[in-house]
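Number of protein chains: 2
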Amino acid sequence: MIKQIVLKSRPFGTPTAANFETKFIELPALADGEVRLVAHTFSVDPYLRGRMSDAKSYIAPFQVGEPIVSGLVACVSESKAANLKVGDYVMDRLSWQEELVVPAAGLQKVDEKIAPLSYYLGILGMPGLTAYFGLLDIGKPQQGETVVVSGAAGAVGLVVGQIAKIQGCRVVGIAGDDAKNDYLMKELNFDAVINYKTVENLDAAIATACPSGVDVYFDNVGGEISDAVNAQINNGARIIICGQISLYNATRLPVGPRIQPTLLKRSSLMQGFIVSDYASRFPEGFKALVNWVVSGQLKYTQTTYRGFDQLPEAFIALFEGKNLGKLIIEV
Amino acid sequence: MIKQIVLKSRPFGTPTAANFETKFIELPALADGEVRLVAHTFSVDPYLRGRMSDAKSYIAPFQVGEPIVSGLVACVSESKAANLKVGDYVMDRLSWQEELVVPAAGLQKVDEKIAPLSYYLGILGMPGLTAYFGLLDIGKPQQGETVVVSGAAGAVGLVVGQIAKIQGCRVVGIAGDDAKNDYLMKELNFDAVINYKTVENLDAAIATACPSGVDVYFDNVGGEISDAVNAQINNGARIIICGQISLYNATRLPVGPRIQPTLLKRSSLMQGFIVSDYASRFPEGFKALVNWVVSGQLKYTQTTYRGFDQLPEAFIALFEGKNLGKLIIEV
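Residue numbers (the numbering used here), protein chains in the order written: chain W, 4 to 334; chain D, 4 to 334.
If you're looking for bench data, these hints aren't it; they were derived computationally from the structure.
Do not rely on the hints blindly, as some may be mistaken.
No distinction is drawn between identical chains; accordingly, a pair holds when it is met within one copy or between any pair of copies.
Said to hold, decoys possible - Dumping the calculated DSSO-like pairs for lysine-lysine here, alpha-carbon to alpha-carbon at most 27 angstroms:
hint : residue 1 : residue 2
1    : Lys290    : Lys88
2    : Lys168    : Lys112
3    : Lys88     : Lys11
4    : Lys26     : Lys189
5    : Lys11     : Lys268
6    : Lys268    : Lys325
7    : Lys143    : Lys268
8    : Lys6      : Lys112
9    : Lys88     : Lys200
Please read all numbers here as calculations on a predicted model, not as lab measurements.
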C-alpha cells in the first residue's frame, strides 16, 4: 500500500489541511510501455489553488476525491518501456503519491549531471520558463529601463529579477520579508527592494525606488500592491500578468481601481499568460536558462520541506509568503 | 474683431456651457511664412474632455483663459507662404476661432476632389486612423473571429466595425440608441447590435450576439458595458483601449471588477493607445482608408452642427450619445 493525497473538499478562501485527505492505495502491475516511479521531489505552485476551485480557467479543476497533481521529479524503479531504465530520473506533472505507475510516453528525462534534480522543478522548469518568456517576450525590457517585480523572492520572481539585470535594467523587487529582501539585494544584486508589509507609504517607496518611473511590471501578486505600481507606469509600459496570488483565495469578485484609463493615458499594455502558451519554444528557453545557470549569471535558491506528508502544509505556506525561492518537498 | 472660444473654467464632471466663454480678438498682420485662415469645419472629439482637466495625460491640458484647440479644416484667405495660396484648404489642430493667423509649416493640405472636406476630420482623419491602427495593429482580427465594438455608432466605432467586416469577422456593435443600431445593421452590415440602454440583461445579450465568445473587443466606452464584454473574452483575446468615454466625466477614481484575473486565465491582452503612437505609419493608414472609401467598402456618416457659436453645445452633446458618426461643426 502506498500513500496518496486527494482533494477532500474545495477550499473556501485560503486552503486548510482539512481540504486534503491521505488515502492508501495499491498500484497495478506494469503494462507494456509503463514504468513504476518512486517520488523524489515534488513542486507546489500557487496556480494549484485555481485547480482546487471549479471555476472556468485555463486548466481543468481537480475533482473531489481525486489526487492533487503537481510537478514531480521521480526515479524509475521498474520499467516496461524501451526508453527508460531503472535508476533514470524523470519529471512531469504527476499525482501526489509516494509511488506511481504511469505510461513512459510524455515523461521528461532529467539529468543530474547538468543541474541538481530539484532545479528541473524550478529555475530549469516551469517557474524558470515562466520568468524567461513572460519577461522577455511580453515585457521586452530594454537596457536602462526600470523593471519592477512583485513576489520578487518567489520561484518566478527571483529569476525575473536576475534576467532583467542581465538585460541591463534597473531592477526593483517587492516582497513581504526583510530577510528575503536582503537576499535579493546582497546575493542577486537587485537595485532596490520594498517590503510591502512594513513600508509606511507604498506609493512614496515606489517613487523613490523608481526615479524614472516603471517601464516593465512583472506582476505575480495583484491587488493593492499592483495598484500602486501600475499608477507609476511610464508611457509605453508593459505589465505582465503572471500571477495574482493575493486574489487566489478571494471569496468575492475582487474590485479595485479601473486600470483602463491608465493604460489609455500611457499607451501601455497589460497581458496575461501561462507558460504553456510558449510550449513550442521551451527548448530555446531551457537552453538559455541552463547557460545562465552554468555560467553563474543566474543564481538559485529554494525552500525545502521534507516528507511526503508535508505536501499540504507546504502548499498552504505558499499563501503565507514563507518561502524564499522555489518551494519543494523532498519525499 | 473675430470670435474666439476659450476655457473659462475646468469642468467638474460633465462639461457645461458655463465652462466656455466667447472673446473678441484682433488678429495680427501676417509675417513671412504665415497664412490667414477662415474656419470651415471643426471637429469635436471625446479626448478633448481630458485636456480640460489638469491631470497628467498624454497631452498637455488646456489653460484657463486660453482657446480650446481641436481639428479644423480651414480655407486660406491670405498667404505669405510659398506652398499655400488663397483658396487652398488645410487641416490641423487649431484654436476655436472664426479666423486664425498661423505658420504654414505643419498644416496639412487637403483635397476636396478626393473626398468631402469634412472627411479629413473623420474617416480620413484622426478617427479613421484610430480605428485602422487600433483594430489592425493591436486587435489583429482574423477571419471568422468575433469583434465587439462599443461606441459602435461613433466616429471611430463605425469605422472599426466596417474594417472588421472587411477582415471577414463577425461584428457586434454596442450603442445606446435604436436608430443608431438600425443604421449599423442595415447600412453597415453589422452582424448583431445591442442597445445597452434598453437591453434587459446585457450579459445574456452579449452571449447571444457572440455565440463563439469575444476574440477582439474595441473599447471606446469603458465602465460596466466593458465589464460585461470582458467577462466573455476567449483565450488569446485582444482588448483595445481606445476610449473610456463613460469615465471621462468621473469625479472620483473609477472602481470596478479587477480585470487581471481574467487576462491571466484567458492569456489575453489589453492595450491602450493614442493614434499619434502610429504617426510614422499615417501615410499607410490614409492610403488604405482612401481606397476603401473610394471603392465603397467603407461607408461614412456624420452629425453636423451649424455655426461657430454651436461649438460648446456640440462638444457637450458627445457625452449625451446624441451623435451618429463623426460630430462636426460647419462654421
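Against the structure, the hints:
For the homomeric pair lysine 290 and lysine 88, the shortest alpha-carbon distance inside one copy (25 angstroms) is at most 27 angstroms, but the shortest distance between copies (65 angstroms) is not. With identical chains, the CA atoms of lysine 168 and lysine 112 are never at most 27 angstroms apart, being 31 angstroms at best within one copy and 49 angstroms at best between copies. Proximity of lysine 88 to lysine 11 under the C-alpha cut-off of 27 angstroms is found in neither arrangement, the shortest distances being 35 angstroms within a copy and 83 angstroms between copies. Taking the closest pair of Cα atoms, lysine 26 and lysine 189 never come within 27 angstroms of each other, the shortest separation being 44 angstroms inside a single copy and 64 angstroms across copies.
Taking the shortest alpha-carbon separations for lysine 11 and lysine 268, only the inter-copy value of 24 angstroms comes in at or below 27 angstroms, while the best intra-copy value is 47 angstroms. Taking the shortest alpha-carbon separations for lysine 268 and lysine 325, only the inter-copy value of 25 angstroms comes in at or below 27 angstroms, while the best intra-copy value is 37 angstroms. Taking the shortest alpha-carbon separations for lysine 143 and lysine 268, both the intra-copy value of 20 angstroms and the inter-copy value of 22 angstroms come in at or below 27 angstroms. Only within a single protomer do lysine 6 and lysine 112 lie at most 27 angstroms apart by alpha-carbon distance; the minimum there is 24 angstroms, versus 79 angstroms between protomers.
Taking CA atoms no more than 27 angstroms apart as the test, lysine 88 paired with lysine 200 passes in neither setting, with 49 angstroms inside one copy and 67 angstroms between copies.
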